Each structure stands twice: as structure tokens, then as C-alpha cells.
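Asker: Listed below, chain by chain, are the residues.
There are 4 protein chains.
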Amino acid sequence: MKNTKIFYNKKNALRDPILIVGLPGIGTVGSLVGEHLRNELKAKKFATLYSPHFLHQAIMLKNGGVRLVSNRFYVFENKKTGRSILILVGDMQSGSPEGQYEINDKVVRFFKSLGGRTIYTIGGYNIGNQYVHHPRVFGVATDKETRLQLSKHGIIFGKAAGAIWGSAGLIIAFSKRYKMHGACIMGETGMLEVDANAAKAVLEVLKGVLNLDVNLDNIDKIKNETEKLLKELEGAAAGNTDPSQASGGNGGKQHLSYIR
Amino acid sequence: MKNTKIFYNKKNALRDPILIVGLPGIGTVGSLVGEHLRNELKAKKFATLYSPHFLHQAIMLKNGGVRLVSNRFYVFENKKTGRSILILVGDMQSGSPEGQYEINDKVVRFFKSLGGRTIYTIGGYNIGNQYVHHPRVFGVATDKETRLQLSKHGIIFGKAAGAIWGSAGLIIAFSKRYKMHGACIMGETGMLEVDANAAKAVLEVLKGVLNLDVNLDNIDKIKNETEKLLKELEGAAAGNTDPSQASGGNGGKQHLSYIR
Amino acid sequence: MKNTKIFYNKKNALRDPILIVGLPGIGTVGSLVGEHLRNELKAKKFATLYSPHFLHQAIMLKNGGVRLVSNRFYVFENKKTGRSILILVGDMQSGSPEGQYEINDKVVRFFKSLGGRTIYTIGGYNIGNQYVHHPRVFGVATDKETRLQLSKHGIIFGKAAGAIWGSAGLIIAFSKRYKMHGACIMGETGMLEVDANAAKAVLEVLKGVLNLDVNLDNIDKIKNETEKLLKELEGAAAGNTDPSQASGGNGGKQHLSYIR
Amino acid sequence: MKNTKIFYNKKNALRDPILIVGLPGIGTVGSLVGEHLRNELKAKKFATLYSPHFLHQAIMLKNGGVRLVSNRFYVFENKKTGRSILILVGDMQSGSPEGQYEINDKVVRFFKSLGGRTIYTIGGYNIGNQYVHHPRVFGVATDKETRLQLSKHGIIFGKAAGAIWGSAGLIIAFSKRYKMHGACIMGETGMLEVDANAAKAVLEVLKGVLNLDVNLDNIDKIKNETEKLLKELEGAAAGNTDPSQASGGNGGKQHLSYIR
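Protein chains in written order, with our numbering: chain A, 91 to 350; chain B, 91 to 350; chain C, 91 to 350; chain D, 91 to 350.
Hints listed in this document are in silico derivations from the structure and should not be mistaken for laboratory results. Quick caveat: nothing in here was measured; it's all calculated off a predicted structure. Keep in mind that a hint or two might mislead.
Simulated pairs of lysine-lysine, DSS-like, Cα-Cα distance not exceeding 25 angstroms [claimed, not checked]:
hint	chain 1	residue 1	chain 2	residue 2
1	A	Lys249	A	Lys134
2	D	Lys169	D	Lys297
3	C	Lys95	A	Lys266
4	A	Lys269	C	Lys152
5	D	Lys169	B	Lys95
6	A	Lys92	C	Lys95
7	B	Lys311	B	Lys132
8	D	Lys269	B	Lys100
Example chain D residues on the side facing chain C (calculated, C-beta under 10 angstroms, incomplete) [unchecked claim]:
hint	residue
9	Leu131
10	Lys132
11	Lys134
12	Gln147
13	Gly189
14	Asn216
15	Gly218
Covered by chain D, per the in silico footprint, the following chain B stretches (three or more residues, Cβ under 8 angstroms) [unchecked claim]:
hint	region
16	153 to 161
17	214 to 221
For each residue, glycine too, the CB sits at the ideal point set by N, CA and C.
Please model the entire structure based on the sequences and the hints provided.
Answerer: In C-alpha cells, the structure reads:
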């Protein structure tokens, strides 16, 4: 097995599909969004991607079964728009440049072969060591038309800077080359390894972009649990530290970073 | 030499062969089981696998000779069942994902080309920093039929979770793809680099699974030596440390970890 | 995407082109020189090189767009000599030997296919932990003729020793194999991550070599700002440290290294 | 440039050639032996090996020229035996398993294509942190005949154990596969990064094996300088340390390790 391969689980005909890429990354925002959509929309498994550039791991299943690590495409038919939505989620991204270029190029070409013209990748936009209570949603996109359209739903363009690592960036860069419309949609995040608040902000925007009904209760639950935990830790930090330091507001933050 | 290659040492006809994979890994359980079977069954060398994804090492031999690092297939004819048993042992596994995918895919396709339909990989299941006196044997398998059959011999399914690294996991994942029956059989282990007790537990189960007579005296000897050493270290630890700590049972454990 | 690729942005006919390679490296001298020439000469984008051996990153643009990391060729027609000048600049070099050999071989063959016969790569020559006020410009070249010609412009041959890492070295080594004239031109540098003074020294020499009018005000500005900052830090260091140490001249230097 | 390549510098006809491989490695024994033979025998450059698995470096030459890192074959006609001797020396070995397998396989096949049947690789055999005053010369070989023949010249077989890393081991392992006679000849060494004494021991044995006249004055000079330095350091260590420690002989050794 020398190359990345995609196998169909169930080959449905798709209608002008949109691809949403929700893979592991900064603040786990991509995975949270992708898995939430998959669950809430009861999307069906469509295809599975395996790669020799993922880690050499097999995952043990609850039923005593086993499967290779993978990325997986799920499909949902959006009756409100008549378009198919493909959701790409997975266990991991490749750790090497060569793996990333191969896999992401494969994903974009596979989606193009299905007649796809629109790709949104989801990620986190890291602003440093703080909890973001009211996360903004930033975007970059392949073309002006896409930027204008997404702006209407509250996605902020031209304010994010720097590099996007991995699939969230490469898939959009490749979609441009293959003459598709692509955007990377990023929830503002900081400190947290798993930031449900940033994911919720992206989901709220996506509902509009995709014209989708999605219940957000489950992501809200994770968000609330995280925030409760953060408050407890802030309280503990304030109690444990010298008042002169606590008043500076830094004592608590240092403790919070242990959550990572 | 750009690809993994398998050379026959002696090309026997095999009868409905079963492959046992006993390679280096957690607690050295795979290697202990594989090498024990090879020795006790006086299995004959059947084929040798070389790979540019192993380390760039040659092994010096006692007779002044030298050989490339390798994995090796040995064959034994089980007269009680009329089936051939192939045992795969070796110096190492590949350290890279690309190497692991290539080698393990090669192993499974090679075994399929020999008419093989059943593969058991052997590994350790790490439960953390403690010596496991009565190790359980956990399993994951490609299909329900295999799980049912192995359960009868005391292998526990559905209780192990997480990822299996390397050949023990990938070979089973690949055997599923090639429509073979595969299971990874794992001896419960902790603390030790070389855990003969976990290996013994697996061997006892394997005797039943394979319907094999195998003498376990040699593995018992390693197990007893290890346990004697552990007791001495525990005694030394109890003597050296503050009684209030020793009674907590932790003083000994810290010392034991030096065995690793 | 398994291989390094070069796409034309605008395929001009070139006249006996000279290639200047100004990529990231020691003291950022290559990039400073390349980007300065590109800006001052208002060179036009000619071709873009992408590689799976660069990092897996996409760059966010000010206008809300996005692009893959790349190296880029710009072209300028030098009316004084009638020769085209190609300038290669970029976000990064590959981090692996395999990537470096592939990319640099590709660059040289691409340039040869354009009728090119002369390549100058730009780099820094590190002489250790000190600021170089009057940097010399060292060179190595493929052939005696090139060495003689460049010597006339003040480039010093036969005094630099050691290894040249990456594109600055490999492109010249490959140009020799493809029977082209090549030289690596290196500005003497030390301590600094970004050494505009070393870049200025190279630019002054290059003006002569290429028979080019280039305004150096912008590079001078960076140089002056750096030197002002260095002086402030030296002053601070002298004030903060024990006089017996400060007189040894080392206190200041240690502080300066923070600029890196 | 995706593959290792060998270019002829001067394609001589060879007479039943013997290949001596003297590349960088433990104690620099291989390089010292290879370069000493090349210099003393005034061997002529025969072929050059380049590889994308070496480091991405170009070497600056004293004359202002530049060359890619490489391994180089030199040829000498041994009039006493009528056989050609090829000596392989070089700047480095590859750092990756994949590179090592490709390069060493290429070397052996290249040598076989020249009609070669006998290969001796040179290395150091590390016995730990001590200076070896009277180094033994150990060997491993592909076949009994070679072992017997080399034993007559004082090379010790069957006493060395463990793994041989890199070219010294792989070339011999590959020569076995290609049905050639091969041996790895190792000088006993310890502590030193550059051990001329171990190299001298190998050279003395090689003179007999190859039936060669080689002057050893130059290697003797390096050996004597090293030993003088070691004595000075031992003296310094004895003076600086507590007498009770110095008498234990360890104080000096610790200091000597700085030479590395």
C-alpha cells in the first residue's frame, strides 16, 4: 500500500454537492463541527480514505472489531436546497508534507470527480493564551464571489493573517487550482485543546451558509461543561495564589492552561 | 533496493495455513510468543522479508558471519489438525508509517498468495505501571465468526480500547480488506520491557486455539526469573525507603520501573 | 501531488537570461537581496514553483484570499545589457535532502529549458556571534572564467570554506553538471537573523555584476534601523552589567543575540 | 534528481578488482583507512556517486570552486597481485534507512557490473569509553572461505557481536546476496571521535590481505599526536582532581572524553 486510496461505502448519486471538511486541528474546531454535523444530520457513510501517510494504527472497536485509521466522507441530502452535503471527518491528518500534499490533492480531485464545485474547510484561528467568550468567525476564500457570499453570513474576510497548516489550508489552495469555489472558515480560539465555543460559532454561521436546520444542543452542552470547569479552575487559582498576583488576572490563566 | 521483498528459503506446499505474527512490540509479548513457538515446534525457515524501511543494520553472527536485519517466516505442520502453521518473527518493525503500510500489506498479500485465510497477530495490552500477576488475554477480530470462536478459548472481546500500533494492528486491518479471518490477541501487561507472564498467558490460550501441544517450561523459566527479580527489588525498596512511604506500596513500584 | 511543479504565470520570451536565486537562509541575506531586486526593478511574475516537499501550509492574503506556499520567478528586462534577469524568491526551502535535490534540480533544468546559461545564488556567510559592520562578499563558482569575471567586481574567491546548505549550494553544483556558469555570492554575516547590512553589500556588488541601476534606499533603511537597535541594546547592556564584565565587551554581545 | 547516481570520471578496464569501502563512521576508522590508502597509493578518481539521500550540501573548494557532497571511487593497480583495487571514500553516509538501502545496493551492483567479486568494508568496533592502546581487528564475512583466508592475516572472527550500522554492514550483507565474497574489517576503538590507532591496526592487517606496500608514517603521525594529547589531558586531570579519585583512574578518562 504505497498510495492514498478512497473506497466507496455506498455510491449514491450526488446533486451539486458541497464538501465540508472537519478534521483534527487547532482547538479541535474542525472535528467538533464535522462530527456534530454528521451526528445531527444523520449523514450516511459514503466513502473511506486510507493513507500510508497516516500513523500505522488500527482502532479497536466497542464490538471487538477493528479498523484502520482513516478519514471518512458522509453524505446528507439537504431538502431545503436540493444539494448534497458531503462531510469529511477522520481520526487524524498526515504528519508529513509529502503525505499532506498527496492526501489533500486526492480529496479535491475525488470531490471534483463527483461533480463538486464548492468546498468549505473548517478550522480554528488561534489568538493566543486566553479563552474566547465571543468568538468571531474568520474566512479566506479562493475568489471574490465566494468571499462576498460568505460575508453576508457574518464571516470576516481580510482580518486573518499567517499560515493555515494542513488540510484546512491545502484543500482550499488546491480547490483554486482545480477551478472550484473554496473557503476556509475559522472559529476564533485560544488556550483550549477542545474549544466547543469556537465550534459553535462556526456552526451558527454554517447553518446560514448551507441553509440547514441543525440542532446545537449537543455542542452547547460541551461548551457549558468547559466553561463551568474553567470557572472552577479560576476560582481555585484565585484562592491558591497570592492576592497581589491574583488581582493581576494572570494567576487564573496560568492554571487554566493545564486544561490543554 | 527500493521495496520490501520476500525470498523463499524453502518453498513447501502448505495446507490451509494459519499465520501467527510475533514481532517486537509492547512488553515484547509478540516476540516472546513467536520465538517460543518457533523453538518448541522446531519450525523450519520458510521465507525471509527484507525492507528498506527497517533500520540500516547488519547483524553479526556467532560463527563470524553476517546477515541483514529481517523478518522471517517459519513453518510447522500441525498433525493434530492437518493445517500448516506459519510463524512470523523478526529483528524489528519499521519506524515509519510508510514502511509499516508497505511491509504489512506485503505480508498479508504474500500469505494470501499461499492460500492462507487465517491470521493471528500477537501483542501486549498495556494497562500502565504495574506488574500483572494474572494477565487476561484480550482480542479484536475482523468478523463475528472469529470473535465467537476465539471467545470459547477465553479470549476477551469488546473490553480493549484504543489504538494498536504497527504490525499487530495493520495486518489484521489488511486481512479484513483481503477477506481473510484475522484477530489480534493481546496479553495484559504493564511496567515490564519483557513480560514473559503476559506471553505465557497468550501461549496457553493459543494452545487451545491452534490445537497444539507446546511445552511452556522455557517461558515459565523467564517468568519465574523475572518475578524473583521483582521480589528482590521490592524487598530492597522496602528496606531503603521511609516506612510510611513503603506501606503505600509506591516505593517498590518506582524501583521496579528500573527493569525497563 | 507527488512532484515539484512549475507553472507559468506569463510566458515571456527571454533574452539570454541570468537567474538570481534569493531564497530564505543564513541571515536572510538571499531573501533580502531577492525581494529588494524584485521590488526595485518592478519585476513581473513569470512562473510559480510548488512542491510537496515544502511545508503543508497555505498563506492567508490581505484581501481575504489564500495561496499555497511557493517559490516564485520574476522577470525583468535589463535594457543596459539586453539580457533578461529572472529572480527566484519564495516562502521557504524544503527541509529534507530528498526535497532539496528534487526542487533545485528542477529549478536548474527549468532555467536551462529557457535558454539560461548563468546563475547566481545569494546567501549569507556566517562568521559567528558578532555584528559585521563592513561585510565582505565571498564567492564560489563553477568555473575559472566565472571566478575571474566576478573577482573584478570585488567578490572574494578561495577564502570561504565549509559547506553551503540548500538551494544556494545545490543550484550551483547542479548548474556545473548542466554545463552552465554558476556562482554562489555570499555576504559576510554573524549574529543577526535578518542582516540588511550583509544584503546591502551583496546588492552593491550585484549592481556591477549585472550592470544594473538599483536604488538601495530601502535596504539602507532596514540596515540603519537594525544598527540603531543594536546600539540601544549595547547601551542597555553596558548600563545593566557589572563594569568589570562590560569592559570585556561581552556583556553587550550577549544581549544582542536576543535579536535573533 | 530522485535516485542515487554514479558517474564515471575515467572508465579504466579493471582486473579482478577488490573494493575497499572506507566511509565515515565509528571512530572515523573507515575514512582514515580509505583516505590513507588513496593518498599513499596515489589512486586515481574512477567514479563519483551522488545521492538525494545525502545532506543537501555543496562543499566550497580551496580554489574558489564548489562541488556537491559525494562518495568517490578511486582506482589503483596492484602490480604485486595483478588485481585492481577500488577505494570508496566520501563526505558522508545517508541518514535514512531508505537512503542507506538504495545507496549501498547501488554500490554493490555497480561493483559487480565491473566484474568485482571481493569487497572489504572498514569500520570501528566500539568497546566503550576507553582508549584502546593495542586494538584488535575483528571481522565478519559472507562465507567460510573468506573467514579462513582473513583469519590467516590476524583478523578475529566470531568474537564481535551486535549490529553494524550503515555501509560497512549493508554492503557486506548485499554482497552475500549478489554471490560475492565480502567482509567487514573492524578496528577496536573506544572513546575517540577520530581514532588513528584503530585505523593503523586495520591498515597493518590490510597490507597483508591485499599484498600491498603502504607507508604508515602519516597515520602514525596522527596516532602519536592523539596519544600525546591524551597524556597531557590525563596529567591535567590528575593534577586537578582529588587524589583519591585520580588514583581510581577515572578522573583522566572523564576529561579525555572531551576530545570527542
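Asker: Decide, hint by hint, whether the structure agrees.
Answerer: Each hint, compared with the structure:
no.: 1; hint: A:Lys249 / A:Lys134; in the structure: 36 angstroms, violated
no.: 2; hint: D:Lys169 / D:Lys297; in the structure: 14 angstroms, holds
no.: 3; hint: C:Lys95 / A:Lys266; in the structure: 16 angstroms, holds
no.: 4; hint: A:Lys269 / C:Lys152; in the structure: 21 angstroms, holds
no.: 5; hint: D:Lys169 / B:Lys95; in the structure: 41 angstroms, violated
no.: 6; hint: A:Lys92 / C:Lys95; in the structure: 21 angstroms, holds
no.: 7; hint: B:Lys311 / B:Lys132; in the structure: 19 angstroms, holds
no.: 8; hint: D:Lys269 / B:Lys100; in the structure: 18 angstroms, holds
no.: 9; hint: Leu131; in the structure: 27 angstroms, violated
no.: 10; hint: Lys132; in the structure: 25 angstroms, violated
no.: 11; hint: Lys134; in the structure: 21 angstroms, violated
no.: 12; hint: Gln147; in the structure: 4 angstroms, holds
no.: 13; hint: Gly189; in the structure: 8 angstroms, holds
no.: 14; hint: Asn216; in the structure: 26 angstroms, violated
no.: 15; hint: Gly218; in the structure: 31 angstroms, violated
no.: 16; hint: 153 to 161; in the structure: holds (count 7)
no.: 17; hint: 214 to 221; in the structure: violated (count 0)
The structure is inconsistent with the numbered hints 1, 5, 9, 10, 11, 14, 15 and 17, although it conforms to all the rest.
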